[in-house]
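Taking the hints into account, I'd like the entire structure generated from these sequences.
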Amino acid sequence: MELEGVEALCIVFLQGITAATLCAAFLQSLWRGQLPDIVVQMQYGLCSLRDRWTQKPKPKPGNARVEAKFVDTLCKLLTNGCRVVVVALFLRLLAIQGPLLKRQNHQLQPSLDVSNIISYPIVLFLVIFHHRAISCRTLDIWYVLLQTLCVIPLLWTAPADVTSVSLITLLPRVMLGLCPKRGWLPVIGNVVHWILAVKQVEFRLQSDVFLAQSAELVLLFSGVFPLRHALYENVRMSFELSTRTIELSAVSGLLLGYCDAVVEVDSSLKLTDDSRQFSTLLLHGHGISAGSLAGYDFLSFFHVDDREHISMSLGAKHESTQALALNARMQDCLGNFVKVEILFTSFQNADGQECRLVGMREFQDFNSVAVPLPMGPAHSPAASPSEDACSVAFDATSFDILSLSAGFKKLCLENGADDISEGMSIFDLST
Numbered sequence: 022m023e024l025e026g027v028e029a030l031c032i033v034f035l036q037g038i039t040a041a042t043l044c045a046a047f048l049q050s051l052w053r054g055q056l057p058d059i060v061v062q063m064q065y066g067l068c069s070l071r072d073r074w075t076q077k078p079k080p081k082p083g084n085a086r087v088e089a090k091f092v093d094t095l096c097k098l099l100t101n102g103c104r105v106v107v108v109a110l111f112l113r114l115l116a117i118q119g120p121l122l123k124r125q126n127h128q129l130q131p132s133l134d135v136s137n138i139i140s141y142p143i144v145l146f147l148v149i150f151h152h153r154a155i156s157c158r159t160l161d162i163w164y165v166l167l168q169t170l171c172v173i174p175l176l177w178t179a180p181a182d183v184t185s186v187s188l189i190t191l192l193p194r195v196m197l198g199l200c201p202k203r204g205w206l207p208v209i210g211n212v213v214h215w216i217l218a219v220k221q222v223e224f225r226l227q228s229d230v231f232l233a234q235s236a237e238l239v240l241l242f243s244g245v246f247p248l249r250h251a252l253y254e255n256v257r258m259s260f261e262l263s264t265r266t267i268e269l270s271a272v273s274g275l276l277l278g279y280c281d282a283v284v285e286v287d288s289s290l291k292l293t294d295d296s297r298q299f300s301t302l303l304l305h306g307h308g309i310s311a312g313s314l315a316g317y318d319f320l321s322f323f324h325v326d327d328r329e330h331i332s333m334s335l336g337a338k339h340e341s342t343q344a345l346a347l348n349a350r351m352q353d354c355l356g357n358f359v360k361v362e363i364l365f366t367s368f369q370n371a372d373g374q375e376c377r378l379v380g381m382r383e384f385q386d387f388n389s390v391a392v393p394l395p396m397g398p399a400h401s402p403a404a405s406p407s408e409d410a411c412s413v414a415f416d417a418t419s420f421d422i423l424s425l426s427a428g429f430k431k432l433c434l435e436n437g438a439d440d441i442s443e444g445m446s447i448f449d450l451s452t
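Per my numbering, the very first residue in the sequence shown carries number 22; after that it's consecutive.
Keep in mind the hints are simulated off the structure, nothing from the lab.
One or more of the hints may lead you astray.
[Unchecked claim] Restricting the straight-line Cα-Cα distance to at most 27 Å, the calculated cross-link-like pairs of lysine-lysine (BS3-like) are:
#1 K202 x K90
#2 K97 x K202
#3 K360 x K291
This structure is a prediction, so every number in the text was calculated from the model and none was measured.
This is the structure:
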């Protein structure tokens, strides 16, 4: 069997596999009662495009900053692309310089000579003065100018050389398609390029040039617009990550101002990083060091009876972003149990994993603390308003009486102690 017959059979076999795959996807969608995923995505894309054209977009918070950063990224992309192109143009002009001086023909597509000679000083200017020449206001202007220089050579290119010239300018056109601020400019620029290319063969549908240019146009659009979307999403996610980092730092700072230690734990309640405050709270410089806490089980530092309660509280999914609190007992390296108050809130890290920010503060048991003395004279609720309260103030170091209330002096006189006065010792009251 000849090679052509084998190739034909392979093509038929591949077409059969494609048809079987499409039928399987269609039957699976019918079984689930849903449209195929590709149809849903196309429908969503068409609806989004329709809404973008018919409705005025509402500005989202922070969207202006994302747009500005995206345009700045496009400016840097154009600058770096010009640096590559200027080297390629310099080498090509150097290669054709000799034959042109000798008035001889060269084999490097002469139809590109005029375009390259005009493009070289423009690109060199952009490389040298890119800080002032390339900005959000001039991106579209530079695209139109440079894309025109890529298209013009087709006007005087022979039909047999159209495909070669188009392939030579393909990489610059892809690079330029990523750079304009307005996304519809690459569509117009490359459609014009396609029209001029197929015009050289008089729009004959069976021509190799027509098929090659059509395939090239589809591939260019398939590469340019997903890359532009990926660049935009990268900028947007970098802003979201920066915002989340700032918010997490603010929450951590707030917790550190209230708590004795703050740690981060993952979904399995393992410590994600080291904590010097946590080491100071429990380790007292013994055993595990502060630099080796990452990866340790957070529950292992708590009393056995409290671990289940903490695991249920920290492991549950909380829709609210407000911090939650609970009480538990932690065991330090000396075997002592410390009552702590735990505050925690959930967040997502850069990988999209659910994590917890946990703050711990030594529990203050105010029930075991004596009530402080009142600043002013206090009256018993059962006492008559006319009766004075009995109080005495003395020096805590010398125990000398500093002052006596009128009620206390009256009480002493009624009990036969008429020589009590200021300057005496508090021990004299016991005699």
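Going down the list of hints, with the structure as the test:
Pair hint K202 plus K90 holds up; C-alpha atoms about 12 Å apart against a cutoff of 27 Å. Distance hint between K97 and K202 is fulfilled; the C-alpha atoms sit about 13 Å from each other, no more than 27 Å. For a cut-off of 27 Å, the pair hint linking K360 to K291 stands: about 21 Å separates their Cα positions.
Going through the hint list in order, the structure satisfies each hint without exception.
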